[in-house]
Each structure stands twice: as C-alpha cells, then as structure tokens.
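> Working from the sequences, and respecting the hints, build out all of it.
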Amino acid sequence: MGNAAAVSPEGGEQARNTAGLVARRSYGKLIAFLAARTRDVSAAEDALSEAFALALKDWPANGCPTNPEAWLLAVARRRAIDAFRGRRRGEAAGEQLRIMSEGLAHAEAAPEIPDQRLALMFACAHPAIDAGIRAPLVLQTVLGLDAKTIASAFLTSPAAMSKRLVRAKEKIREAGIPFRIPARDELPERLGAVLDAIYAAFTEGWTDPAGADVVRRDLTEEALFLARLAADLLPGEPEALGLLALMLYAHARRRARRQAEGEYVPLAEQDPSQWDSPMMLEAEGLLRRAAAMESIGRYQIEAALQSAHVFRCRTGEANWRDVAALYDALYALVASPVVALNRALAIAEVDGPQAGLQAMPDAAADPRLAQYQPYWAARAELLSRAGAAQEARRAYDLAIGLERDPAVRRFLERRRAALEP
Amino acid sequence: MQYLIMAYTDEKLWPGLSAAAKEQRFFAAYSVYVEALNQSGVLKGMNRLRPVAEGVTVRVSEGKAQVLDGPYAETKEQLGGYFLIDVPDSEAALSWAARCPAAEHGVVEVRPIWEMRQP
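Here the protein sequences line up with chains R and Z, keeping their order. The numbers in the first sequence follow my numbering, run straight up by one, and end at 421. The numbers in the second sequence follow my numbering, run straight up by one, and end at 1119.
Everything labelled a hint here was simulated from the structure, so no lab data went into it. Careful: at least some of the hints might be erroneous.
Unchecked claim - Label pairs and their in silico Cβ distance ranges:
| # | chain 1 | residue 1 | chain 2 | residue 2 | range |
| --- | --- | --- | --- | --- | --- |
| 1 | R | 268 | Z | 1073 | 44 to 50 Å |
| 2 | Z | 1038 | R | 57 | 55 to 61 Å |
| 3 | R | 175 | Z | 1081 | 44 to 50 Å |
For every residue, glycine included, the Cβ atom is placed at its ideal position computed from N, Cα and C.
See below:
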C-alpha cells in the first residue's frame, strides 16, 4: 500500500482519510476484480496505486465521489488499459484489450463491485505457488501491505521478499492460475492451503504479544480480518469457522499475556478477568457451529484445545485428560513434532513429568526441533519437576539462547534462577 | 552458506552498567546464545572486539599512508563483536541474528560471505 498516503496536498486530510479508508476496506476487492480476468496482479497493483495517487489529487479539489470504490476502479481500469497499450501490440493484445474494455464498461455500469477476494486468495494459495510465499502473497494482494512490512514479519530481507513476491505474481500470470473458488471435490484440499496461509500470517504476528512492534501487531489484526473474510464467504466450511474461532480465542487473551511492565505471563498464570469475554463467546459460537457440520479438521481441534484451556483456567477444574485426547486426535491428523511436544506436556499433567519426558519427541532426530525454543523450555520445565536440576539448567540455557523476545528470555532466566541449586 | 553476524552496540552504555547488569545483560546473555549456536553446530568463529578507541584506521592517499586513531565512521553504535555461522539459507541466518543479545539494545547486521574459489 503506502500509495494512499504517499501524496499529501494541502487541505487533503479528508480526502486522504477517505482514500485510506477505501484502501483498507476495498483494496483486495479492487485488486481481485481488476486482476480476475487478466490474471496480472502486478499490473492491477500498479494501476490501482496510480488511481489512489490520482484520488489524493482530485478528491480534495473536486470533492469525494459518491461511490469512491467505483471511481477508483474506473480510473485503475483506464490506467491498466493505457499501460497495456504501451507495452504490447498485435492480435493477442487486441483480445486482451477487448476483455479489459468490457470490464471497464461493466465496472462503470455496475453499482456493486462483486467480491472476488476469495478467488484471489485461492489463486495466491494455489498448489503451483511455493508454500512459503503464499501467506506473504495473500497479505500483499488482498490487504495491500508492502514488501518491507511483510518481510519484517516473516524475518526475511525486504529485497528478497520483494523478489519472491514479484516471481509469485509472474507465476500466476504465466502458469495461468485461475481466479476462482475451486469446485466442491477439490475444495477441502485447496481451502487448507488458504487457511494455512492466513494462519501463518497470524502466528507471525502472534510472536509479539507485547504489541511493541507495530508491524507484527498489525499483522495479527490483518490476519483476523482475512480469517473473518474466509468464514463470511464460506459459512458452510467448518474449517474456515474453526480457524477463525482458534484465532479469536488466542487474540482474546492478548492483554493478559504481558504485565503492565511488559513481562511475559504464561497461560497458567494469566488473569482470566483480563481476557476479552465477548471475543471468546464469539469463538465458542463459531466452534459450535463448525462442530454441528460433523467434519472434523485441524483448526477445529486446535480451537477446541483453546476452549479447553480457557475452561480450565476459568473454573480451576483440571481437564488434562481431555486435552491429551485432543492432542492425540490432532497428532493423527498432523503428525508434527510441535504437536507431539504439546501432547507430551498434557501427558505430564496427567501421568507426571517422567511420562511427559518419555512422550517428548527426540530433538536429536529432528534438527528443526533442536532449534525450537519451546522444545527446550518445555523440557527444562519437566526436568525441573522431575528433580533433574542440572539437566534442567542446560535445557533452560538453550531455550534462552534460542529465544528472540527479550521478555520471554527474562521469564526463562527467572525460571532457571528458581531451580534447586 | 556462511554469514557474518555483526553486533553493533553503544560502547558508552558499558561503563555505566553495574557488575550485576554486566553479568546478566552481557555475559549470561551471550554465553547462552553461544551455547545455542554451538549446540546447533552452526558456529564457525566468533570474537569480541576491544573498544573502538583502541582501534586505528589506515588509508593510503597519494601514495602516503594516513593513520588515524579511532573508528572509520563516527556512529552511535560500534562493532563490538561478530559471529561467523554456516547455515542453509538467509532465513536461518536472520533467525540467528534476531536471537543475538545485541539486537535488543543495538543493531545486528547480517552479511553473506563471498565464497572464494579454492586455487
């Protein structure tokens, strides 16, 4: 984005605000509509950014149009056609131009712009697109976030992120990836990729619970917006509802995760009165609706786990057996070492720290796990409960060395200092 | 791929710290970081640098060597040390850089090593 705020003529505050609002609300809708038939996302982005720039000049002078979205779309379409004429000549170009002009006529006539954002998301999370770039691509095309913002959130250099985004967009155009919602039979699998991308954006934002880092905090909100969009547009898909429920549960606890001074607070020590109850109720409702559809999936189970933790913390009733059973079900679906790790922690609560340690996956067998901070923190915790202070100390050392959030480092240091000598 | 993680911090902070703060913010923080690097088998080399005041810059101008005290560029943050790591890609390098204790109170620069062909 950035386009919307790039120019600032005198007295243009109102126009700028309106443009900013339209950008936030309609950016993805406009990109999706512009690119749906040409499949040229980059050209759509260029055209739309020019339209926003023009709006910032035109609106303060001539007043905001009654339908700002339609205004922007019409300008962007004309720009896209001009740009296309400048680039190409010949038969194929003629056909392309016909499609574009038709769209222009349609856009100017139609009072409502159809919402094709979901189709855009499916294109971005297409199997032909490298899995690692799907979440960044959705964030850029649907929300208009710039490469720099996305790069910080995903811990990549802005130049590298920009290059990968450009390449992904070229792929959409050249591989002829369609902008459409997949048919019934392929929907579950394809939807999985879209939801995974949204969840990846959310978890990148989630790593900064203090909200000190504006980029990351915003990303959580943006991901929630995307999850809401997916759930609204696909109300009959239980996993779309499950993902939104899961994210709302997590987001509802955001304030309780830090003390006023910014110190990290683990779940067991959080004050439930700080949780956002209406948000949790909404999550509960979504989860119930999803469950009624009787088609279980990863995100519904993860949301159910959140729900179980919330219930336990609120009532004080231990429900670790249920939690362990949910982790068993989740592990059967996604056999990831992270799930195995969480399952081991639930087992430790039921059968003691030794049983938990035995259920832990082996870091020696999986280098990703060996560099995963929560693995060593969990191990340290169980070792300390089992009375193995020496080993616990070493595990805490590794956890601290692997953590990038200073507040979590300090929390782990306090735990280590509390070990028996 | 090899990367150099360079830790830039404000040297002026150092004399003002209490012994306990030095122990906690510096020695303890770096020793666990180094332990994590070692345990992951990525660390190829590291060093802490003495203060820039003890450094000298040299430049040959018009055939004559010019020697000046202090750092090449005056900045608030000075290169205080480095870690040479060997990791599969830049994403891995950046995640190690983000864990470097210097990232909390200074800046950390990550540069890929230009691999020289063996003669």
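> Now, for every hint given, state plainly whether the structure supports it.
Structure-based check of each hint:
no. : hint                           : result
1   : 268(R) <-> 1073(Z): 44 to 50 Å : holds (49 Å)
2   : 1038(Z) <-> 57(R): 55 to 61 Å  : holds (58 Å)
3   : 175(R) <-> 1081(Z): 44 to 50 Å : holds (46 Å)
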